[in-house]
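Student: Listed below are the residues making up each chain.
Protein chains: 2
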Amino acid sequence: MPVGGTSPLELKAISGVRIGTASAGISQTHRDDLTLFELAEQTRVAAVFTNNKFCAAPVTLAKKHLSLTTPRYLLINSGNANAGLGDAGIQAAQLCCNELAKAVGFKETQVLPFSTGVIGEPLPVEKLVGGLQTAVDTLSEKNWSKAAQAIMTTDTCEKGCSRSINLEGVEVTVTGIAKGSGMIKPDMATMLSYIATDMPISKALLEQMLKEAVDLSFNRITVDGDTSTNDAVVLMATAMADVAPLDATADPRYSLILSAIQEVCYFLAEAIVRDGEGATKLIKIQVEQAQSQHDAKEVAYTVAHSPLVKTAFFASDPNWGRILAAIGRADIERLDVENVSIYLADTCIVKNGQRYAGYTEEQGQQAMNQEEILVRICLAQGDYSATVLTCDLSYDYVKINAEYRS
Amino acid sequence: MPVGGTSPLELKAISGVRIGTASAGISQTHRDDLTLFELAEQTRVAAVFTNNKFCAAPVTLAKKHLSLTTPRYLLINSGNANAGLGDAGIQAAQLCCNELAKAVGFKETQVLPFSTGVIGEPLPVEKLVGGLQTAVDTLSEKNWSKAAQAIMTTDTCEKGCSRSINLEGVEVTVTGIAKGSGMIKPDMATMLSYIATDMPISKALLEQMLKEAVDLSFNRITVDGDTSTNDAVVLMATAMADVAPLDATADPRYSLILSAIQEVCYFLAEAIVRDGEGATKLIKIQVEQAQSQHDAKEVAYTVAHSPLVKTAFFASDPNWGRILAAIGRADIERLDVENVSIYLADTCIVKNGQRYAGYTEEQGQQAMNQEEILVRICLAQGDYSATVLTCDLSYDYVKINAEYRS
Numbered sequence: 001m002p003v004g005g006t007s008p009l010e011l012k013a014i015s016g017v018r019i020g021t022a023s024a025g026i027s028q029t030h031r032d033d034l035t036l037f038e039l040a041e042q043t044r045v046a047a048v049f050t051n052n053k054f055c056a057a058p059v060t061l062a063k064k065h066l067s068l069t070t071p072r073y074l075l076i077n078s079g080n081a082n083a084g085l086g087d088a089g090i091q092a093a094q095l096c097c098n099e100l101a102k103a104v105g106f107k108e109t110q111v112l113p114f115s116t117g118v119i120g121e122p123l124p125v126e127k128l129v130g131g132l133q134t135a136v137d138t139l140s141e142k143n144w145s146k147a148a149q150a151i152m153t154t155d156t157c158e159k160g161c162s163r164s165i166n167l168e169g170v171e172v173t174v175t176g177i178a179k180g181s182g183m184i185k186p187d188m189a190t191m192l193s194y195i196a197t198d199m200p201i202s203k204a205l206l207e208q209m210l211k212e213a214v215d216l217s218f219n220r221i222t223v224d225g226d227t228s229t230n231d232a233v234v235l236m237a238t239a240m241a242d243v244a245p246l247d248a249t250a251d252p253r254y255s256l257i258l259s260a261i262q263e264v265c266y267f268l269a270e271a272i273v274r275d276g277e278g279a280t281k282l283i284k285i286q287v288e289q290a291q292s293q294h295d296a297k298e299v300a301y302t303v304a305h306s307p308l309v310k311t312a313f314f315a316s317d318p319n320w321g322r323i324l325a326a327i328g329r330a331d332i333e334r335l336d337v338e339n340v341s342i343y344l345a346d347t348c349i350v351k352n353g354q355r356y357a358g359y360t361e362e363q364g365q366q367a368m369n370q371e372e373i374l375v376r377i378c379l380a381q382g383d384y385s386a387t388v389l390t391c392d393l394s395y396d397y398v399k400i401n402a403e404y405r406s
Numbered sequence: 001m002p003v004g005g006t007s008p009l010e011l012k013a014i015s016g017v018r019i020g021t022a023s024a025g026i027s028q029t030h031r032d033d034l035t036l037f038e039l040a041e042q043t044r045v046a047a048v049f050t051n052n053k054f055c056a057a058p059v060t061l062a063k064k065h066l067s068l069t070t071p072r073y074l075l076i077n078s079g080n081a082n083a084g085l086g087d088a089g090i091q092a093a094q095l096c097c098n099e100l101a102k103a104v105g106f107k108e109t110q111v112l113p114f115s116t117g118v119i120g121e122p123l124p125v126e127k128l129v130g131g132l133q134t135a136v137d138t139l140s141e142k143n144w145s146k147a148a149q150a151i152m153t154t155d156t157c158e159k160g161c162s163r164s165i166n167l168e169g170v171e172v173t174v175t176g177i178a179k180g181s182g183m184i185k186p187d188m189a190t191m192l193s194y195i196a197t198d199m200p201i202s203k204a205l206l207e208q209m210l211k212e213a214v215d216l217s218f219n220r221i222t223v224d225g226d227t228s229t230n231d232a233v234v235l236m237a238t239a240m241a242d243v244a245p246l247d248a249t250a251d252p253r254y255s256l257i258l259s260a261i262q263e264v265c266y267f268l269a270e271a272i273v274r275d276g277e278g279a280t281k282l283i284k285i286q287v288e289q290a291q292s293q294h295d296a297k298e299v300a301y302t303v304a305h306s307p308l309v310k311t312a313f314f315a316s317d318p319n320w321g322r323i324l325a326a327i328g329r330a331d332i333e334r335l336d337v338e339n340v341s342i343y344l345a346d347t348c349i350v351k352n353g354q355r356y357a358g359y360t361e362e363q364g365q366q367a368m369n370q371e372e373i374l375v376r377i378c379l380a381q382g383d384y385s386a387t388v389l390t391c392d393l394s395y396d397y398v399k400i401n402a403e404y405r406s
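Residue numbers (the numbering used here), protein chains in the order written: chain A, 1 to 406; chain B, 1 to 406.
Rather than coming from a laboratory, the hints here were simulated on the basis of the structure. Among the hints, a few may not be true.
Note: identical chains are not told apart, hence a pair may lie in one copy or across any two.
Pairs of lysine to aspartate or glutamate residues, derived as DMTMM-like cross-links and limited to a Cα-Cα distance of at most 20 Å, are as follows [as the list claims (entries may be wrong)]:
#1 Lys-63 with Glu-338
#2 Lys-63 with Asp-87
#3 Lys-127 with Glu-171
#4 Lys-107 with Glu-10
#5 Lys-53 with Glu-333
#6 Lys-203 with Glu-372
#7 Lys-53 with Asp-336
#8 Lys-146 with Asp-346
#9 Lys-284 with Glu-372
#10 Lys-211 with Asp-247
#11 Lys-53 with Glu-338
#12 Lys-12 with Glu-333
#13 Lys-351 with Glu-338
#14 Lys-63 with Asp-251
#15 Lys-127 with Asp-137
#16 Lys-351 with Glu-121
#17 Lys-351 with Asp-87
#18 Lys-399 with Glu-298
#19 Lys-203 with Glu-38
#20 Lys-284 with Glu-371
#21 Lys-203 with Glu-141
Full structure from sequences and hints, please.
Tutor: And the structure:
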């Protein structure tokens, strides 16, 4: 169960995007593990991928295909990452693209492949190919929720979100889905996300909007500090909405549509942290008044990655000494220890680098008992701030990751 | 129980070092929590301290006293870190030094204070001072093991080690003790260590030897990546052995005595990891053929800190994909993915950046079932290597850190 519970997804269809799913037997459980996106002809596609140097075969291939032509299909499997397999992995991904291309009558370079699951096991190509026809046969604009389920691995719930805005009487929609729970950290993680809008947007602008949205959402979450070999976020614009094309940031509609995309990305990123492996609490680390953007992020991540801080949150223990110690070891140029203040929600626990005189353990306990906690760290050294989302470290994190694969 | 079990400490006395202990009631358990070292007059003392910017009051004071004069006493309490308390913490530490100085007839600057335990709770000065007389009354050369126990916090066993060498018919001895289990990472952690030798060594040389020994021992271990506010390692040379003073690295005895000190430091550092909070396995990450020392260390630490890698070791799961993914996200300039090989002990699991053809899960399983595991990562990019010691991440890590304080 994710922090904050679940509610059924109400995802709006995006004209120009059809989705099919199939149970190909790649995942060890009997459920859909194959997802196919079909994109209308004029769709523009932007994507960002993992920075991990051991990127998976499908990442290499998807990047290549995206640089060659405009994609018409996204082919996603869960249950196997097709990573760490060298040339054999590339060939396997290529074969899947080829088979799909044959089935739908397009070129294999118009297919972007994605995989998520166990690293280092050969991709069961035959099984995957065996599921393609079902995925094609089930293509429908209504399958966003099914896709949100089919891309899951250790996720405990599907993640999706829609936002609509009204542009001069025309409703324009953004719908996105995502998967990911462990291995989440900046520069993305075992995380896949697919976001589409019917707004007509030029490719250059689409790429810029994706970067802006990802930087403040998927790149600001962390569960365990690990980064995956397979991460990808794809933003698609089908141009099916009956409005004039968007191709300049000066267009007043730019910020409206960017906001909608950002909201969807932020919602999905937060949903991933809420579903963090074993998470019982959602923790927002907000660093304020830092000397630089780097310092603000560095302090926020050092606190967010500290296993001692994370276990204290799991135990609802207002052990602010652990937060203090994490701030103190952050790799920043200068820290004015005597300026640092720390708040748990509205409760001041550290003022001017030491325990706040008015602080009581009861206040701290009350703040820690909440399911969603804001940790505000004020450095009083400058004007920069950064916010990072994370979760606590529980028995179940160890359990899930010790048992995954078995 | 530490990895590898325990055996009773056989610690040799060091002429010129007397140790007393007392149960002052600072720790929540009824056991010795106060330790006093008394050093003979001609003793030289070198020390290294935490780099955490929120260093504890006793660290600030010990550094100051050490810069002013030659210490005659070390005063160590467990159960309270006296950290995060601002001026009040400094005053508390000063008061303790003053009271001891009065009791033994020396100046307060000749006392080095040390604390370890909970951060942010006021040091119970009265209790500590109340225990001083007992500590003084029990001073004896034979109390090394008692001291090893009295400095413990979440440690499950005391840690100590002696090495003797024969210099032209005279036996020279090095004895050291240490405490620490969680919060262990480079630049030290909630870690205290006291090492003494009867060898006459100049202060300048002693400082150099301590630095060399610490760099390859205490600075190469990691349990959870956190660094404490209170860490310190102290090296003392009493000059009581009847040999000529050592004051130059060119002296052929230099490398002999340095080796003995290094062995003691390495043994203690390894003992800390073996006793890592919740540890069930000792893991040695050895990175070879890196382009630079920085790269070798960075890769080793990225793997050693990965919660996914650490839980896989706990589960005895040969999930080499997690090791690969950790290497891939290490912050190094260049990684030739196709050159990387990974070995678990003698079992090759990854060759040239991909799963080794001759590797079987059975081999991996067998390697993972061991209590002590060597992970060898060969980058084939240069001549630098680095070794880091760590342990696995278990249910008990979470349990211990969720319950500490309560």
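Student: All the hints need checking, so say for each whether the structure fits it.
Tutor: Hints, verified against the model:
1. Lys-63 with Glu-338: between (48 Å within a copy, 19 Å between copies)
2. Lys-63 with Asp-87: within (16 Å within a copy, 57 Å between copies)
3. Lys-127 with Glu-171: neither (40 Å within a copy, 72 Å between copies)
4. Lys-107 with Glu-10: Cα proximity of Lys-107 and Glu-10: none, with 34 Å in one copy and 74 Å across.
5. Lys-53 with Glu-333: Classified as between: cross-chain Cα gap 11 Å, same-chain 28 Å, threshold 20 Å.
6. Lys-203 with Glu-372: neither (38 Å within a copy, 53 Å between copies)
7. Lys-53 with Asp-336: Between copies only: 9 Å across, 36 Å inside.
8. Lys-146 with Asp-346: Intra 40 Å, inter 45 Å, cutoff 20 Å: neither.
9. Lys-284 with Glu-372: within (8 Å within a copy, 38 Å between copies)
10. Lys-211 with Asp-247: Within one copy only: 16 Å inside a chain, 60 Å across chains, cut-off 20 Å.
11. Lys-53 with Glu-338: between (40 Å within a copy, 10 Å between copies)
12. Lys-12 with Glu-333: neither (47 Å within a copy, 44 Å between copies)
13. Lys-351 with Glu-338: within (8 Å within a copy, 51 Å between copies)
14. Lys-63 with Asp-251: neither (30 Å within a copy, 61 Å between copies)
15. Lys-127 with Asp-137: within (17 Å within a copy, 78 Å between copies)
16. Lys-351 with Glu-121: between (52 Å within a copy, 15 Å between copies)
17. Lys-351 with Asp-87: between (56 Å within a copy, 13 Å between copies)
18. Lys-399 with Glu-298: The answer is neither: 29 Å in one copy and 28 Å across copies each exceed 20 Å.
19. Lys-203 with Glu-38: Close inside one copy (18 Å), not across copies (74 Å); limit 20 Å.
20. Lys-284 with Glu-371: within (11 Å within a copy, 38 Å between copies)
21. Lys-203 with Glu-141: neither (23 Å within a copy, 77 Å between copies)
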